[in-house]
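*Asks:* Spelled out from the first residue to the last, the chains are:
Number of protein chains: 2
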Amino acid sequence: MKTQHQIPERSYKASGFIGKYQKLVTDTVIPWQEQILWDKAPDTEKSHAIANFINAGKALRGEDPGDGFYGMVFQDSDVAKWIESASFSLVNSPDKALEEELDKVIGIIAEAQDKDGYLNTYFTVKDRDRRWTNLHEAHELYVAGHFIEAACAHFEATGKRTLLDVMIRNVEHIRDHFIVQGNPGVPGHPEIELALMKLYRLTGDKNALELCSHFINERGQDPELFIREADNRTWSVWNSNPRDEGDREYRQCDKPLRGLEKAVGHAVRAVYLYAGMADLASETEDEELMDSCRRVWKNIVQSKMYVTGGIGSTVLGEAFTVDYDLPPDTAYAETCASVGLIFFASRMLENEISGEYADVMERAFYNTVLAGMALDGKRFFYVNPLEVDPGISGVAPTHKHDLPVRPKWYQCACCPPNVARLIESFGKYAYGENEDTAYCHMVAAGKVIFANGMELTCETEYPHEMNVSYSVKGKGRLAVHVPGWSKKYEISRDGNVLNAELQNGYIYLDINGETEIALKLDDVPAFIYPSSRIPRIAGMVALRRGPLVYCFEGTDNGSVKALKIDRDSKPEISSYSEELDVDMISVKAFREDESEELYPDTPPALTPCEATAIPYYTWGNRGETEMRVWMR
Amino acid sequence: MKTQHQIPERSYKASGFIGKYQKLVTDTVIPWQEQILWDKAPDTEKSHAIANFINAGKALRGEDPGDGFYGMVFQDSDVAKWIESASFSLVNSPDKALEEELDKVIGIIAEAQDKDGYLNTYFTVKDRDRRWTNLHEAHELYVAGHFIEAACAHFEATGKRTLLDVMIRNVEHIRDHFIVQGNPGVPGHPEIELALMKLYRLTGDKNALELCSHFINERGQDPELFIREADNRTWSVWNSNPRDEGDREYRQCDKPLRGLEKAVGHAVRAVYLYAGMADLASETEDEELMDSCRRVWKNIVQSKMYVTGGIGSTVLGEAFTVDYDLPPDTAYAETCASVGLIFFASRMLENEISGEYADVMERAFYNTVLAGMALDGKRFFYVNPLEVDPGISGVAPTHKHDLPVRPKWYQCACCPPNVARLIESFGKYAYGENEDTAYCHMVAAGKVIFANGMELTCETEYPHEMNVSYSVKGKGRLAVHVPGWSKKYEISRDGNVLNAELQNGYIYLDINGETEIALKLDDVPAFIYPSSRIPRIAGMVALRRGPLVYCFEGTDNGSVKALKIDRDSKPEISSYSEELDVDMISVKAFREDESEELYPDTPPALTPCEATAIPYYTWGNRGETEMRVWMR
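In the order they appear, the protein sequences are chains A and B. For reference, each letter of the first sequence is one residue, going 2 to 633 in this note's numbering. For reference, each letter of the second sequence is one residue, going 2 to 633 in this note's numbering.
Just to be clear, a hint being listed does not mean it is correct.
Repeated chains share a single entry, so a pair holds when one copy, or any two copies, can fit it.
Unchecked claim - Calculated pairs, BS3-like style, for lysine-lysine (alpha carbon to alpha carbon, straight line, at most 25 Å):
#	residue 1	residue 2
1	Lys24	Lys127
2	Lys263	Lys401
3	Lys59	Lys105
4	Lys256	Lys401
5	Lys474	Lys116
6	Lys97	Lys41
7	Lys448	Lys379
8	Lys521	Lys448
9	Lys127	Lys429
10	Lys41	Lys379
11	Lys589	Lys565
Bear in mind the hints are in silico, worked out from the structure with no lab data behind them.
Make a model of the complete structure from these sequences and hints.
*Replies:* Below, the structure is given as structure tokens:
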């Protein structure tokens, strides 16, 4: 293992599918969020996020802080995530006006930093004496984490140090509070851990490494930490009670992190934490910590992940639950959790090259993450069910969270900017490298210049077509991942089919000069089956083509629950939907007659028919209608 | 329609299956509950229910009320339900000691009645000034209702008027408060309505009829009633907020009762209320009110009832939810709600003879109600899921309420005494009569003497065998219901097969002298199918034999979710289980190989096998194991 901060970043200029999505985020999501942060978006809930920073600056200068603080306790993080996305966007599509806007916002933030390095508008505006007294609820370290990530992205994009220096000072302040002064505490919402590792790798700042290590080592050592903290204060943000059943698991504080066996608690917190753990384990060659990461990884992918890469199946605590409890209709499967799962997977992949990690990244990205955003980039799902029934979904008490259509924007705006920053930085996950090898983890059209100088141009219509061509120049070793779903594939080099064997899901090629590599993946739509250990879907069947899980909508099929798939038939690409810009798959099925009677004693008549499926990520773009991934 | 209070009660002496269950309740449940009420039961949560009455009596006499009040705000109702069950039991099995015990407890209750007729230990012991100020939460009218029912049962069983007179005075007091003094208010938890109608029909007490009519007419007229009430007080039992979303629906106060379209809210409250409405509608020939009852009835049986007769599918509010939202695994389906559904059905049946009502009574009784009690009468289910997976059921956050084995007794002891009183009074539901006809609504072995003098002896092993013989003596018309599930049947009289046509599910026979009637119902196990409108079970299949819905347990089958039923096969009675004292059904099936992988891309291998089912009411009697009613 190695420290990576010496390695300059490779560059990736997207084209094809990813390019199209980056353009959507650059042209639509980032400007829209900018408007929201400035409270200029029409018909949208007030954000006040930048106003909070302006008012915090005033408060620090002893001026009247105007209309004070407004919003969630972690409202600041919306600004951070926007800066991060916008910075990534600058790399992909340089834009002078956006760069200036970033400078302006960052200037406002710098003004809101306290003399001692503290940065958080909730406390700076409302009550400076309450700083660091409510880690259980108040998200100070979470917000700091997002600003550290934003600072790294902004520096990488522009070379400007303003925000980076702000955050280096902020990290120093935090280290002083928790390590030098020895105040007990760990983040109530993990996030800062992976951010600190980014900062360390980018700048070599030892404070960051030390602080990350401190938070990970301390976490769970004192299971009563937050109870003690609550006993020492008279105020609360949400009246969360650290004595509540499940609170410790909810925030991953129930045991020291080196002893984890299962993924538990709030899913976003969990995978952010696990990503930070994997980073630290890699950096410090901590095999014990890495083993803990491996165990929770296995637990997630072997028993707690939806076929769409969604995780955290229950709305109660937005959390992981017990193994194999994966209901399609009451799913929570938060978009942010799948973003975090990709973070976790990418860190595992840095530690050990195995196609499984890349496959999970792909599964989560092409299904849950993309489904999180409408095709026009204007509406977002936080919750990603695998089954929707109008009249029940979004209405029944147990299904209130499972909305059948994407809402515009939320007061708690966590998911949309998370999707935005992931899409804009897709190249960081699709490609990788270490000292001796350049990696193609996920298929992503575009041009890559690796740090070792190797240049690669990937042309493909993936994920809508399964032929991928790589034009490679340079010298070194290249490893191309063959997605796990593609049991059949053909790889050729300069026109000659190779008989290369997969090593942990990768084909290794020595590059010396210019070469053309062609990868043909399996294009045939296929069924997927669930393990019979999952009670809710045992015996059912789903459809996929390439990395895309498909679903059946009422718009194309009428009543979807009345359909039974003919498993002896072969699903086929049937038509192209202009509206969704995707290929549709049709498969033979039987339609059950509807019965007026609730429990008839005669079997329903079955009529042969065709059923039509669309990629899951495009569901809910044509109004409220039934939807199912898993079919009988 | 008619007033029925002139008609003396018919008598029913059970034998066979019902007789066995009545004996179980008499020998086991009633003595056990008596011990609990007196706090003499070992290893059981303190009840304090009788102590509350003793202490209330002391408080009224100006003595020190000892250790005061303990328990739920409606703790008194446990005593009432026990008195009611015990009184019914006295009719079935005369028992001097039990009769004396009843006299003793009733004496204690009488001492706890205030001078003005008020009776409720929570307020009498804790704070007399708070009487009638929290109808929203405090269950005073609910408790009164249960005591009225107990008083009627005790008078019918013994001819003793002590408790009846107490409750007549109590009703006068309540009428005075709400009608004479004009204090606004309706029951927060309906129950008293049907009880008042019982009292009126038994005694002709006009106060009871007037009060019932008042509560039903007032309900929902002022949707802000409970908000106003809450604004006028500074205390609360549970901090329920009448402004909470859904609170009005929860307690059926959202609209006047004559305009009901759908069954809503807390299921037990709903069906108790609807039963009272149907009683009043019948008594006052109120067609508008009766139409309202018909609409909610239809809504329940056409879209909100489990195949087991369970209702109230969601744990959130223990409530009805939207149409067709009938999840088997997260079902609430409270035992009490099915008891209440039987009450409602029996009242509908008094208004209009239709086999549908009798069929629902049977469905609810032989499945959910009986499943509510262990075969040894010592443990009870409140919640009756149709699917249980150890490791998920009772454990996952959304499945905490779905226990895989029956617990002993609850602090909130509503269901066990409800099962007990229903079983002990089964004859009231199985048989009925009006001016011109005696009815056999449900098959029930035993001897009936109708009010018109007709005597009927029913011999049968039903529900474990489908031949029923009736020996009838007397003069008049007899109507025998043929259960709706028995599409094939044969009825013969004195050895001659009759070609009688069903009229709304009943065969009418003129009796004059002695006659032997034999009814042969369809004995063949059969599949039941769900409407494809129920998303969770569309396309699945269940098994029944006679009125008994069957289920598959892990004990007999290993992994149940790995099984797929062969629908082309014929389910057959395969063996007798001595442990459960039931016939088991076997059916051809396929067993799916278990996959280590969560989402394999090859179909699981299917191995032909036999699957074995047991009656649903006997599930969970052999330890924690998987269980399913609906199968692929």
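*Asks:* Now tell me if each hint is right for this structure.
*Replies:* Hint check results:
Taking CA atoms no more than 25 Å apart as the test, Lys24 paired with Lys127 passes in neither setting, with 39 Å inside one copy and 69 Å between copies. Taking the shortest alpha-carbon separations for Lys263 and Lys401, only the inter-copy value of 20 Å comes in at or below 25 Å, while the best intra-copy value is 28 Å. When the C-alpha separation of Lys59 and Lys105 is checked against a cutoff of 25 Å, the pair qualifies only within one copy, where the shortest distance is 16 Å, while the shortest distance between copies is 77 Å. For the homomeric pair Lys256 and Lys401, the shortest alpha-carbon distance between copies (23 Å) is at most 25 Å, but the shortest distance inside one copy (33 Å) is not.
Taking the shortest alpha-carbon separations for Lys474 and Lys116, neither the intra-copy value of 50 Å nor the inter-copy value of 101 Å comes in at or below 25 Å. With identical chains, the CA atoms of Lys97 and Lys41 are at most 25 Å apart within one copy only, with a shortest distance of 21 Å there and 83 Å across copies. Proximity of Lys448 and Lys379 under a CA criterion of 25 Å is satisfied in neither setting, with 28 Å inside one chain copy and 72 Å between copies. Within a single copy, Lys521 and Lys448 get their C-alpha atoms as close as 19 Å, which meets the 25 Å cut-off; across copies the closest is 80 Å, which misses it.
Taking the shortest alpha-carbon separations for Lys127 and Lys429, neither the intra-copy value of 38 Å nor the inter-copy value of 68 Å comes in at or below 25 Å. In this assembly of identical chains, the alpha carbons of Lys41 and Lys379 lie at most 25 Å apart only when taken from the same copy (16 Å versus 66 Å across copies). In this homomeric assembly, Lys589 and Lys565 come within 25 Å of each other (Cα to Cα) both inside a single copy, at 9 Å, and across copies, at 21 Å.
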